[in-house]
Amino acid sequence: MFGWRPGANTAAGLTHFWNQTSVSPRLLPLIPKSALIALWLGASASSVWGAENQPLALLTNAQQVLDLGIDGAMLAPHPVQLRAVVTSVVIRRPWFYVQDATAGILVICTNESRQPVAGQLIEVAGMTIPGLQAPHVYAPTYTIVGSAPFPVPHRTNPSRLAIGEDFGQWVALEGNVVDYFVHPEQDSLLLQEGDQHFVVNISLKAPSAIPANWLGARVEVQGVCWTQTRADGVPTAFRIHTPGTNHIRVLRDGPTNLFALPLRTLNSLASQPSLHDQRVRIAGTVTCLLPGDSLFLRDQTGAIQARLLKPISEEPYILSVNGETLFKDSSKEASWKRFARPQPNLEPLTPGDHIEVVGTISSAGFGLILSDAEYRRLGPGVAPRPAEVSNAALRSGLREGDLVRWRGRLIDRDSHETLGKVEDLLVLNDGEVTVRAFLVTERRDRLSPPPLNSRLEVTGICSREMDELKTVPNIRLLLRSADDLRILSQPPPWEAWNIGRILAIGAALGAGSLAWIAFLRHRVARQTSELAFSNLRLRAEVEERKRAEAELSGTLATEKELNQLKSQFVALVSHEFRTPLGVILASADLLSDYFDTLTPAERAEQIADIKQSTCHMADLMEDVLVLGRVESGKMGYHPQAIDLTDFCQRLIDEMLSATSRRCPLPLIAGDIIAPARGNETILRHILHNLLANGVKYSAPGEPVCLKVEREGDEAVFTVSDRGIGISTEDQKFIFEAFYRGKNVSDRPGSGLGLVVVKRCIELHGGTIELHSAEEAGTTVVVRLPLFRPPGQTDLLPRPPCVPASQPT
Amino acid sequence: MNKILIIEDQPQMRRKLAMILERENFQVSAAPNGLIGLDMARSDPPDLVICDVMMPELDGYGVLARLREEESTQRIPFIFLTAKGENQDIRTGMNLGADDYLTKPVPSDELLEAIEARLERAQQQQGFSPDFRSAVPLERLGLSVREAEILLWVAQGKSNFEIGMILGISAATVKKHLVHTYQKLSVETRNAATLSALRVLSSDSR
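Sequence lines, in order, name chains A and B.
Under my numbering, the first residue of the first sequence is numbered 3, with each subsequent residue one higher.
Under my numbering, the first residue of the second sequence is numbered 2, with each subsequent residue one higher.
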């Protein structure tokens, strides 16, 4: 290179280099061959490499620096002194690009407080450093020696640059302007060529502004290519740094009129993800205008929210009511904001206007949103008519963003004030779907809230948002004004009256009638009795209404509570599963990663722990499943005839073999002649759990006694043991899911057995009593109505269980 | 050799953690509940604490809060390793100032990675005595309130996902703010941003 070419003596030269070089031979196999050859070429050319104190050859042009290769630069810093023209300066970075007659390189210059200006001819003295993409030059300082014309660009194309070619070179390439961004310090264009998208950064901002007709134009850009690479040097993207708009040449003008883009329909946008993040043009009718430069429109095929182009704001646009986000701007993650075109002179709009909108389409939440939108008013129209919407359409999101009308009963409401605005939330239900309607009004236009239970018709913009459990979307309606709320029917007015008022009126009427009596005693007597009667009826009616209302709100509260319990339970279960899973994974990791360092006993311990945790999880799952069946009502109460003595004996035999006869299980059966009627599966769950607990918490050999007898209609089962017992404190919580006594130590258990027992007993319409004292043992008495005549058993009451009584 | 204190009430888990960490050349001590763990951490401050949340006597939140109260134990990296995996739990843990929150079951290599990362960070912060109580000083770097808040957590070694959890925003939003922040600080990497933040936060506490 540089006039010198390796010839026939290459091999000899290499050997010589290896002998001469200070690189330890041990390292040689680790260094890439290419680097060695590059080094060797460089060393041979200068003939000075070798002894450590001898300087390396001075590199005097950019090509020499590049030829060094990253590996070569890695091996040793080479001195550089060269003269080149500054092609591009990167803002706020201590580096810039230079190019001489041979090539272009990146120069890092940390000691100069001021950056050079593109077009200056400078002299750089420094040393090479390995970059990620190519060797760079580190120069503490530089000298400006004059100015020079920009070099003739190397013509290239985006697909070449994308594979990492031409890093740092002054290149020229073409592309179509897809979009542009502004930044306080530099403007950027987004160019597209084939399937490549790339950014062109324009450093010299002032006084240039991007002409409006550049959008959609085909341009030729001259600039320096910067390749973004991963840590291993693989290129991932590239961008072009260009010193100013004068290095961008428009080959073909873009449409001066944005509204010349092809017209799309909204459903075609949803079905074409390839259009996302692109500017599209749609036409439609304005359905709603929101403060903060946002509007909703619909065309024949759908509806959408359009966020209008507006000046840079740091904060994303969010409209929230009662702390709930209604609509949220999902702007790009880029550090630029898309705008800068002179704001079009927008005509004010009213709902119903026909408009054309151009904006960037992207997905937001459940639907699409049009951001940075600009519109053109085509003409006035009639006020938009809301779509009558079915519940199915509401749920499926068919009407996302559209103006719809819906009817339901008001079941809850909330309201609060911020910054002079009143935000009302109305929760409506039609027996099938719950809709949350929001209305934001000025304080003076404040809505007088309709009474609960009123039937309302609401009109508004429909949207959905996932609830916290991510199961069903919440359906929301954004009302435009108080006129969007129509009361169809109110609950009878006397619901709002109180008894006192009614009585007062009654009394007044009574007093009036007394006066009347003085004149027309005979007639009045009859009227008085009528009045008293109607008074009574009125009072009865009020009571009835009140009761109904209380019942309704009670049901609602119960359902809320149940849901909450359910999610708490799910959280508890997942927690209970995570612990044994943690043990299993840790054991498996120990066995797989540290097998050699474990003693045989330690290995056996890991395997035993895995087995034990797995069994524990299996038991837990079994209990959860049983509980789930009981709770969901799948385990119905289907009574059949049972021979209790025989049944208990079978159960005991099973238990004995399952526990390897750890404890004797004597059965004391009273005189039961009549067959009991009950559900064997449920009964089995109850007794099995109680017996298993007795055995588990007793010392081996201690008897666990099961007594069964009849008392009237009831079968009484008594399971007593002399085990560790349950403390008075623990007895309060022992029927709660996953609660286990403090004294269980390491006995396995899910904490669900007694919950299952309790629920099964409730299902059977029975009761449970628990007598226990720590260290003294536990006696559990279960009473089940198994001897009721068949007709009565179908109407079993479900009295609450007695959680615990005093220890005996 | 780095000292690690394990506070875990489940005996099998405690033993296994100790076995794994010992084999990775850590000096391990273990405590069966929060109170004992706290005593051990006070009498012989470890380089890092791994702690369960639900424990008898004193739970993990309590341990963390008390460690953070005292000068000698304030800066010990603290990792929660727990079966409580609800978002709310993670948020609580992070807000209390835990450095990491791992949910059981956790693969050992993930655990080791977390430990290495925390120890490395602790090393990095040596020489700085940053005050992480307020993000206000960071606003002097020209950052918005939100950006400063996010940088404060970045400087404490949190991932975008974790920061999102703490502040109740999406990881993508965190990332967006960070891009702005990098530009304002004229840095390219997370580490560089951390350094700038530490510098500001330390100079302020002096």
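No wet-lab data here; the hints were simulated from the structure.
Every value quoted in this text rests on a predicted model; they were computed, and no experiment measured them.
From the three backbone atoms N, C-alpha and C, an ideal C-beta is built for every residue, glycine too.
Any given hint could turn out to be false.
Unchecked claim - Examples of chain A residues lying across from chain B (beta carbon under 10 Å, computed):
| id | residue |
| --- | --- |
| 1 | 222 |
| 2 | 573 |
| 3 | 609 |
| 4 | 611 |
| 5 | 614 |
Against the structure, the hints:
{"no.": "1", "hint": "222", "verdict": "violated (28 Å)"}
{"no.": "2", "hint": "573", "verdict": "holds (6 Å)"}
{"no.": "3", "hint": "609", "verdict": "violated (13 Å)"}
{"no.": "4", "hint": "611", "verdict": "holds (5 Å)"}
{"no.": "5", "hint": "614", "verdict": "holds (8 Å)"}
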